[in-house]
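Engineer: Dock chains B, C and D against chain A, hints included.
Listed here are the chains, written in short residue letters.
4 protein chains.
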Amino acid sequence: MFFASDNWAGAHRSIAERLLQESTGFAAAYGTSDLDRRVEARFAEIFERDVSVFFVATGTAANSLSLASVQRPGGITFCHSEAHVIEDECGAPDFFSQARLAAVEGDAGKIDPAGLVKRIAGFPENAVHHGRATAVTITQATEIGTVYSLDEIDAISAIAKANKLPLHMDGARFANALVALGATPAEMTWKRGVDILSFGGTKNGCWCAEAIVFFNPEQAKEMPFIRKRAAQLFSKSRFIAAQFDAYLENDLWLGLARHANAMADRMRAGIGASNSARLAWPTTSNEVFAVIPKAAAKTAEDKGAKFYEWPVPAARPELVGADETLIRLVTSFATEAADVDGFLACLAS
Amino acid sequence: MFFASDNWAGAHRSIAERLLQESTGFAAAYGTSDLDRRVEARFAEIFERDVSVFFVATGTAANSLSLASVQRPGGITFCHSEAHVIEDECGAPDFFSQARLAAVEGDAGKIDPAGLVKRIAGFPENAVHHGRATAVTITQATEIGTVYSLDEIDAISAIAKANKLPLHMDGARFANALVALGATPAEMTWKRGVDILSFGGTKNGCWCAEAIVFFNPEQAKEMPFIRKRAAQLFSKSRFIAAQFDAYLENDLWLGLARHANAMADRMRAGIGASNSARLAWPTTSNEVFAVIPKAAAKTAEDKGAKFYEWPVPAARPELVGADETLIRLVTSFATEAADVDGFLACLAS
Amino acid sequence: MFFASDNWAGAHRSIAERLLQESTGFAAAYGTSDLDRRVEARFAEIFERDVSVFFVATGTAANSLSLASVQRPGGITFCHSEAHVIEDECGAPDFFSQARLAAVEGDAGKIDPAGLVKRIAGFPENAVHHGRATAVTITQATEIGTVYSLDEIDAISAIAKANKLPLHMDGARFANALVALGATPAEMTWKRGVDILSFGGTKNGCWCAEAIVFFNPEQAKEMPFIRKRAAQLFSKSRFIAAQFDAYLENDLWLGLARHANAMADRMRAGIGASNSARLAWPTTSNEVFAVIPKAAAKTAEDKGAKFYEWPVPAARPELVGADETLIRLVTSFATEAADVDGFLACLAS
Amino acid sequence: MFFASDNWAGAHRSIAERLLQESTGFAAAYGTSDLDRRVEARFAEIFERDVSVFFVATGTAANSLSLASVQRPGGITFCHSEAHVIEDECGAPDFFSQARLAAVEGDAGKIDPAGLVKRIAGFPENAVHHGRATAVTITQATEIGTVYSLDEIDAISAIAKANKLPLHMDGARFANALVALGATPAEMTWKRGVDILSFGGTKNGCWCAEAIVFFNPEQAKEMPFIRKRAAQLFSKSRFIAAQFDAYLENDLWLGLARHANAMADRMRAGIGASNSARLAWPTTSNEVFAVIPKAAAKTAEDKGAKFYEWPVPAARPELVGADETLIRLVTSFATEAADVDGFLACLAS
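Listed in order, the protein sequences are those of chains A, B, C and D.
Oh and the first sequence: position 94 is 359 in our numbering, straight run, nothing missing.
Oh and the second sequence: position 285 is 550 in our numbering, straight run, nothing missing.
Oh and the third sequence: position 220 is 485 in our numbering, straight run, nothing missing.
Oh and the fourth sequence: position 146 is 411 in our numbering, straight run, nothing missing.
Extracted from the complex, chain A is given alone in its bound form:
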């Protein structure tokens, strides 16, 4: 009953075995091996266009270096106020890009387009005192388990384009969002105007595989130096490539995400049917937020369930009753139905 985070899971067997398989033999280092090249080419197929791909090893690195690649002095990147980049990366995006993040509010963990327009307008061109707008980043799926619809991405993208700002997508849970929408990778990214993508593999079955994908290779030209200076160029890069190779083969990645989402659906259904617990807000990815009795939480923990409490949103203090608690439940490729059912049983008791 491990629902603390999808990164508590290990690596999917196919990926782990591919690592073992690729462990023998010699290959050129620093991302120049045949395998590196081949897997990079695979990304072009998946995204149905030329792309520039840079493997890195953590989601924080992927986001930070993506944003660094489009920064300029005094720059401001706009993100949702609950985004991972501003809340959970210890200032890494600011550090690597020597620039700042500015938070925009919005319901359901998504940037409110009108709010974004207004926020950007606070940084008129050449107003050196304020700094200047330089990028927009969205998180797909969001930190609170929701997913931007294609139309919603279009809305943000249109604003970014109107202001000549590159649009980045933090796809730490890219696959979960993709299968939730039933879209293709191209449809959810560059066809919507996304310029740079943090394509995450770690949370969905790899052990450390993240890729920065540039849909406009021209924008990638500083990245080799940005990545090396950031200590993210791996000598045995082929092992990141190997993970992606297995991950992308025969749509394994989509299958893993579907499984994780299905386990979340099962959880959502169970909670919805419960008379002691309820969903805090609707989600469609592999994260579930629920209000449950404190007693049920205690029961679950006693039975070994792992999950985190979640702060009650400031705007909705009435959401959680006195004897209740708000929790986050994250499913993964490794979650089993029995674990979900075991957890639901704790609520019933």
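One or more hints might be untrue.
Identical chains share a label here; the pair holds if one copy fits it or two copies do between them.
The list that follows gives simulated cross-link-like pairs (lysine-lysine, DSBU-like), each with its CA atoms no further than 30 Å apart [said to hold, decoys possible]: (1) Lys-383 with Lys-559; (2) Lys-383 with Lys-571; (3) Lys-486 with Lys-429; (4) Lys-571 with Lys-559; (5) Lys-383 with Lys-563; (6) Lys-486 with Lys-426.
Simulated from the structure, these hints should not be mistaken for lab results.
In this text the structure is predicted, and so the values were computed from the model without any measurement.
Structural biologist: Just chains B, C and D now, with coordinates in the frame of chain A:
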């Protein structure tokens, strides 16, 4: 016949299998799993004292964050002019520590103690214009395959201590140096006054496992934030731990280094016995530098040998004749005697 | 009728003449002249205790280097959401300190103590993902012309101390706040728990004279290098000292601030008595915010008045009517009563 | 007898009086006043072409921001090993540009063209490990009092152009070099291929006036934000403009430099004629380096002379005898012949 670099090798089978083995199941993320804790404790055993250990994923990260941990504004870290930190890390140590490196010359790739004393003296305390001495770093084994003797480390350490400068050791090839000296880990580090160590596993059989080891845990207190901000805190950190777990078990790491060094010995012996080639300078680790006929280099390359040309030292232009070339040959845990012999055969022909 | 900003004024005659007077002769450079030393000592008298003083040349430098002096990796400085440091310095505080600012809301341009407590609580110790609380900064007088009372400073200071956070005061308009409160420099700073002060002279009659004042000289120990690396150590530093020498002599500075505030009082009284305009909110320093008819604004501009429109606070859209505009009027040591009256006449017409 | 540095002098009377004169009245802040605009236009006249001009307040700022304006990640700026930027600015150029400086040797304080070619070649394009060449900077006049001839600038410039590297000139003593060469400002800069100039006024009679001059305004486009973020945008910028206004009027600046150089000539002549002292090396600007008896140095100091000892060049240990010392003597606009003669008298006694 892969002698381009030890990082062209894959991962040792025991390590690769351990990764597979640890790939199932759930564990706490971000370095807090039982396995992380257990392997950290293992470092204390190996170094015979309390240590603070931080896993990172590249040698550049290990060095850069080590140096960042002891930096202050205007700081200068002294290193050898050919050190990896100043030559091969794209400015990462400067970037992460917001400080500078200053080169000190020295024979055989090692800092000359007298030169170090003089260089440090160029930064008297409170001379704000120049900046200030803040650290010393040595590379063990060095970039050109030599190894500091324990006495030589003592000499550098004494200067560092006299100037109240922390001493860092870049141990990307720590194991190769250790077995070359026949010393214990403690003898080659803190017993000599080394304060912080980049303990490298990647070049010696892991796929990505580096550890920053603080012998004075007090100096490590900023490191959790430095590492996270540097995007080097891994969610599935247990997979770095797993590599080290296998690496350190039953002295596997020492055996792998002994093998690599033995292969280099075999190469050195063969070249020494050759009448067409010769060693450029004596080395005792897993790197061999040789002057060979250009024709022999061509023959070897035609037969598939991989190795790099090396720049002729400015101070020794006579080292290499008109029809000769200076090359670097690196052996690893995966090098086989037949490959060495195959390469030597090219020289003979 | 120059009310655009107090920095549109020139330099007070006594200060300008002192610069001329000190322009001859030779003196030790980089802050080591007798005059530098003497003026530094004068700060100790004014603040009734030992202080460490560092002259710099812009308010942005004073704030940025103050905050840099207490930063640590992953650090967060808390400030009001409308503070100059976060709104008007193009990211300089973040850049110099390699850290972030986090905004706290509060009425009247002042940090709300309860909001501060809550915001700090969002950064529990050792929660590396979020970063960590490292400092608090308040602006006295605030960006919207209000002044923290001594009790209000105490409230913020108590929170800072409870969380072991150094407290910085941005005193770009320190003198205006001081005379508004009728307090002594000591009472408004270290007796309230302020650790570091940006003591501004530029807006109040100097041409470029700012001082960073450390009430705990121990905290100042990195500053010589921070200042030099920031390109803020002046070779002819004695000319900053000369400005402060005249500024602080015979309480000139307090007289200038009293004059500026009196001119603002005159403006406030006139607007209060007007039947076409009104104060947007009460202020007690040299800034006045008024809602006036657009026609009156046009009239004033036509007559040569200089002032800026001010954004209507998001929380108070009803503040400004359809035919009205919100403006900021700043008085200075150089403002004359006739100018205030001339502006008021425009409102009457 | 003040020969410690030209920055020990005050401000020239014409400049100091202009500051007084401009101290009254109101003017737009942050570099937008009429005076700012007018003086910027004056630079275009002096340099005989369109230029973009940015006033800053210290030479370190001028150099650091100049170099920052052309930096890219992993960048390397090449400078002479004794250049002010690498020796005397506490790492500010590295800090502001998040890049590194690499030293090139050369006689007489000037970059050796062959050495520069070789050093640049050490950073082949796309060799991410080493970093990449991004700029070249020369100091005119040099730190040791010599002056690059126009041909010598051409030689460096040709190399920079061949490698597509922007060329920066640190002109802290620009005027002294200019009159030493008898060249025009255009001839010594953009006609030679200089792209960016730190135009120093402080050492030659201003109290704090430095200008960054871009000969290709296109390259200046990031500078407004770079300057503001660096805390170098002055609210009362008109006072820097005022200094330059007087400085450039009627060629005052050239006259001041001629005077300083003439005083140095007088010193050189006197030392050349002395039988106890001698010039350490030939110089043509306002710096004189002399080997004098220790006894004479003592005598001079006892009589109040101020000057600095200078380190004996490592390559020329024989330069200074046992009873001798190497000193630097700097003249300025304020140096009087009587002072020079007084110093020379100390040598004679």
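Engineer: Does each hint fit the structure? Answer for all of them.
Structural biologist: Results for each hint:
Taking identical chains as interchangeable, the C-alpha atoms of Lys-383 and Lys-559 lie at most 30 Å apart only when they sit on different chains, with a minimum of 23 Å there against 41 Å within one chain. Only between protomers do Lys-383 and Lys-571 lie at most 30 Å apart by alpha-carbon distance; the minimum there is 27 Å, versus 41 Å within a single protomer. Proximity of Lys-486 to Lys-429 under the C-alpha cut-off of 30 Å is found in both arrangements, the shortest distances being 19 Å within a copy and 16 Å between copies. Only within a single protomer do Lys-571 and Lys-559 lie at most 30 Å apart by alpha-carbon distance; the minimum there is 14 Å, versus 61 Å between protomers.
Taking the shortest Cα distances, Lys-383 and Lys-563 sit within 30 Å of each other only across copies (26 Å), while inside one copy they are farther apart (44 Å). Proximity of Lys-486 to Lys-426 under the C-alpha cut-off of 30 Å is found in both arrangements, the shortest distances being 21 Å within a copy and 21 Å between copies.
Violated hints are absent here; each numbered hint is respected by the structure.
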